[in-house]
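**Q** Listed below, chain by chain, are the residues.
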Amino acid sequence: MTDSMNQHLSSLRGLLSQTSVKLVLALIGIFVFFVVAIGVQEAVNAHRSNKRILAELEAAGVPTDERQQDRRLTSPWWDGYDASLRFLGRRNLEMIALHTTIVGMAALGMTLVIISGGIDLSVGSIVALSSVVIAWLLQYAGAGPLTAALGGVAAAALFGIISGLLITWLRVVPFIVTLGMMLVVRGAAKGIAREQKIEVDIARQKWLQELLHTVVGTEHSWTLAPAGVWVWLILAVGMAAMLRYTRLGRHIFAIGSNEQTARLCGVAVERVKVIVYMLCGTFAGLAGLMQFSYLTVGDPTGAVGLELNVIAAVVIGGGSLAGGEGSILGTLMGALIMTVIATGCAQMWLPNWVQEIITGAIIVVAVGLDRLRHRRSI
Amino acid sequence: MAQGRIDSTDKAHRLKMQGVCKRFGATVALDDVGIEVSPGEVLALVGENGAGKSTLMKVLSGAVKEDAGQMWLDGVPYRPSNPLEARRAGVAMIYQELSLTPHLSVQENIMLGMEPTRLGVVRAKQVRQRAIEAIKEFDNPELTPDARVSNLSVGSQQLVEIARALAIGCRVLVLDEPTSSLTQQDVERLFELIGRLKRQDKAIVYISHFIEEVKRVADRVTVLRDGKVVGSSDVAAITTDEIIALMVGRQVEELYPRSGRQAGEVILEIEDLAGAEKPESASLKLHRGEVLGIAGLVGAGRTELLRSLFGLEPVRRGRIRLGVYTGPASPLRRWMQGAGFLSEDRTKEGLALSLSVADNVTLSKLKGFGPLGLVLPSRQDGATRRWIERLGIRCQGPRQLLSSLSGGNQQKVALARLLQHDVDVLLLDEPTRGIDVAAKAMIYKLIDELATGSPAEGRAPKAVLMVSSYLPELMGICDRVAVMRRGRLGPTRRIDEIDEHKLMFDATGAEVTG
Numbered sequence: 114m115t116d117s118m119n120q121h122l123s124s125l126r127g128l129l130s131q132t133s134v135k136l137v138l139a140l141i142g143i144f145v146f147f148v149v150a151i152g153v154q155e156a157v158n159a160h161r162s163n164k165r166i167l168a169e170l171e172a173a174g175v176p177t178d179e180r181q182q183d184r185r186l187t188s189p190w191w192d193g194y195d196a197s198l199r200f201l202g203r204r205n206l207e208m209i210a211l212h213t214t215i216v217g218m219a220a221l222g223m224t225l226v227i228i229s230g231g232i233d234l235s236v237g238s239i240v241a242l243s244s245v246v247i248a249w250l251l252q253y254a255g256a257g258p259l260t261a262a263l264g265g266v267a268a269a270a271l272f273g274i275i276s277g278l279l280i281t282w283l284r285v286v287p288f289i290v291t292l293g294m295m296l297v298v299r300g301a302a303k304g305i306a307r308e309q310k311i312e313v314d315i316a317r318q319k320w321l322q323e324l325l326h327t328v329v330g331t332e333h334s335w336t337l338a339p340a341g342v343w344v345w346l347i348l349a350v351g352m353a354a355m356l357r358y359t360r361l362g363r364h365i366f367a368i369g370s371n372e373q374t375a376r377l378c379g380v381a382v383e384r385v386k387v388i389v390y391m392l393c394g395t396f397a398g399l400a401g402l403m404q405f406s407y408l409t410v411g412d413p414t415g416a417v418g419l420e421l422n423v424i425a426a427v428v429i430g431g432g433s434l435a436g437g438e439g440s441i442l443g444t445l446m447g448a449l450i451m452t453v454i455a456t457g458c459a460q461m462w463l464p465n466w467v468q469e470i471i472t473g474a475i476i477v478v479a480v481g482l483d484r485l486r487h488r489r490s491i
Numbered sequence: 002m003a004q005g006r007i008d009s010t011d012k013a014h015r016l017k018m019q020g021v022c023k024r025f026g027a028t029v030a031l032d033d034v035g036i037e038v039s040p041g042e043v044l045a046l047v048g049e050n051g052a053g054k055s056t057l058m059k060v061l062s063g064a065v066k067e068d069a070g071q072m073w074l075d076g077v078p079y080r081p082s083n084p085l086e087a088r089r090a091g092v093a094m095i096y097q098e099l100s101l102t103p104h105l106s107v108q109e110n111i112m113l114g115m116e117p118t119r120l121g122v123v124r125a126k127q128v129r130q131r132a133i134e135a136i137k138e139f140d141n142p143e144l145t146p147d148a149r150v151s152n153l154s155v156g157s158q159q160l161v162e163i164a165r166a167l168a169i170g171c172r173v174l175v176l177d178e179p180t181s182s183l184t185q186q187d188v189e190r191l192f193e194l195i196g197r198l199k200r201q202d203k204a205i206v207y208i209s210h211f212i213e214e215v216k217r218v219a220d221r222v223t224v225l226r227d228g229k230v231v232g233s234s235d236v237a238a239i240t241t242d243e244i245i246a247l248m249v250g251r252q253v254e255e256l257y258p259r260s261g262r263q264a265g266e267v268i269l270e271i272e273d274l275a276g277a278e279k280p281e282s283a284s285l286k287l288h289r290g291e292v293l294g295i296a297g298l299v300g301a302g303r304t305e306l307l308r309s310l311f312g313l314e315p316v317r318r319g320r321i322r323l324g325v326y327t328g329p330a331s332p333l334r335r336w337m338q339g340a341g342f343l344s345e346d347r348t349k350e351g352l353a354l355s356l357s358v359a360d361n362v363t364l365s366k367l368k369g370f371g372p373l374g375l376v377l378p379s380r381q382d383g384a385t386r387r388w389i390e391r392l393g394i395r396c397q398g399p400r401q402l403l404s405s406l407s408g409g410n411q412q413k414v415a416l417a418r419l420l421q422h423d424v425d426v427l428l429l430d431e432p433t434r435g436i437d438v439a440a441k442a443m444i445y446k447l448i449d450e451l452a453t454g455s456p457a458e459g460r461a462p463k464a465v466l467m468v469s470s471y472l473p474e475l476m477g478i479c480d481r482v483a484v485m486r487r488g489r490l491g492p493t494r495r496i497d498e499i500d501e502h503k504l505m506f507d508a509t510g511a512e513v514t515g
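The listed protein sequences correspond, in order, to chains A and B.
My numbering applies: residue 114 is where the first sequence begins, and numbers increase by one.
My numbering applies: residue 2 is where the second sequence begins, and numbers increase by one.
Treat the hints with caution; some may be incorrect.
[Claimed, not checked] Calculated cross-link-like contacts (lysine to aspartate or glutamate; reagent style EDC-like; alpha-carbon spacing at most 20 Å):
1) B:K366 to A:E383
2) B:K199 to B:E134
3) B:K59 to B:D227
4) B:K229 to B:D177
5) B:K366 to A:E372
6) B:K349 to A:E372
7) B:K126 to B:D147
8) B:K199 to B:E42
9) B:K199 to B:D140
[Said to hold, decoys possible] Over the 10 Å line for every Cβ pair with chain B, so calculated as not near, a few chain A residues:
10) V137
11) I141
12) H160
13) S162
14) G174
15) G202
16) P258
17) R299
18) E308
19) H326
20) L346
21) V417
22) W462
23) R484
Just so you know, the hints here were simulated from the structure itself, not pulled from any lab data.
Everything numeric in this text was worked out from a predicted model, so none of it was measured.
We treat Cβ as the ideally placed atom computed from N, Cα and C, and that holds for glycine.
Put together the whole structure using the sequences plus the hints.
**A** Right, here's the structure in full:
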């Protein structure tokens, strides 16, 4: 009896110690926190405004039983409940998904790069470049939406390949190569756009503008979320399966864990690295496509510093900058956690700087706790 | 033993540890362990990996707090709460992995952390003087105060570390596997130095896997097994076999098995092979069904020979034929051609420590683990479980991370990779470095089985090319041995035509006599 209970307990503990499971719990925890906090805040606000109204009425000499009839009075409980419900509501959940998609898409590629022991700082620039190329193709080259989208993603993949080749040929560390590429790509994007935003006529955008637009209240309402979100999730599942069930995936982990061992075991280290950076570029290009769809302009100065959010998502999700560790599910959770905090803070009317401090603290605490656990297990 | 008790009080012992116990969770690491070392005495501490040697030394250095037990230094109770306190009390540790800062000079390293200062400014002259004093002793031309530590050989780096210990005036010096990465010459120098330190009345604790070394350098030996002292004796009064028997807890009848091997066709042939720097010239023929050893000093080019054979280092000149394939090839090709390489450095190169046992075993051939070229973890685990059982790898299962395995078990995992790949030619570089006797015996047995093959089970004999710095092991399991000296590989000779002394002569460049 106690034995089987112990067994259940220890298997439960084993499950809980898995990084991705912890992250799911953390995400749920943060979500619940905001639901409660927003509800309480709204209730308190309603209570205060009720008091103020009653005080005004009293000062105006309205009799006690008539004061309660005032139409401006609300029920604090109901208000709080309503606000909480709104945070849990479909519109809000969809918005969180929309906002996560851009960072989350780029983070899929970054996860591969970080597991392989590298880093890619050019992601933000590539997102901008891709959106600019798409806008340019639509507006000036007369391309259809599919051609434009493919063109943008292809340009992004190309720059990923260039990074990968430079890293493997020149044997310069990824940090430096991609730092250089960050500037090169940003410059290229500005050159193509002639240092201006490229506005695209609505008629030329066709389905591109719907990739990341809310479906609530439209004929596509049954899809729950716009196509872009679904594309992102499907690609995430694909990448997770790739990492777990294919040779390429095992090789990426091996290179990140110990590159020399991988070489010794006959892994084509150079080829795998180029593929990894190409995939990272491709996913950044897809993120650029989402960005374009969301903003409907090609902005060469957009997505500055996005790479840091992307890296943060991977790192919160259990990725180690030393390589060999990380997971797609963790990255998804990392990206979601950051969006939920941003959204929650915004709905509590907290200023932007508070949200930044909280996000920064979460990154340090999440990684710190993970390291602490690692040290103990050794 | 009894005599020692009569004329020596506690004060006569430089270091005395008594009744030391330590548990980690459910495992008992130390159980009522006691050791004593007198001034001018070398105590050898031997035992398999996991016997408790390192835990005992961690207690001594204050890195681990004991659960029970007492320690005395020169009769004064001694209980360090951290390594710094231990150093201040005069207990210095020289670990297997040297703890020097490679970018600094010899004198900076020696005085690191205790630089004499005035108003926070380091007094350079004093630093220099004290460093010179500390290294004067060693009489090694490579050791100058201004030499950069990264430019020194491993042996000299170790001397720097010992100099650091002497500079702070240590009374007890602990040497943990000091010779595992030294050349024979440096080992000789180290032994001379130990002799001199003895005359200076230092007490020395010497930890080693090499029983022959222990017999040479130590006065007394204490054997640990499973956290207990199982024997303690004057070195002169105990044989190597008896020490090994105490360590493993049973008599090792046949450490080096040799079944009836049948040399078959030539499977690997190299002619006048030259690498980028080393080797300069190497020729040999390796037959199926034999174990060919390559002896020589560290740095003679033996490792480079194996690496250039396996495509890990460039080939400048020469012919290689492996089976039906000729010419140099990449590691990937070599694996496909049926050769496998075991690195001498399992932590840096041989194994990916943050990956699981299964991933490490199957990394070189991720095929046949699922349909459509997929790699299903469950099938990886299945294949790995076979080797865990066959090689007796002590782990919780195929999914355990390699970093939490002991050295011997890690080495077995590295070997299991060659077996899982089912290669015909095994290139083994120092296959038993830094692992305990039981694991060594297991690996010797395995090598013998591979070279012998088993017609009944349909396993053809394999060919093994093995580099080792440990001569008894080469003499024990090889059929033929060649010596490499300064990048040149000498002729291959049958094991019954030579002995250890001849090999040593060849390796060190002394003229071969008789």
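**Q** Tell me the numbers of any earlier hints that the structure contravenes, in ascending order.
**A** none
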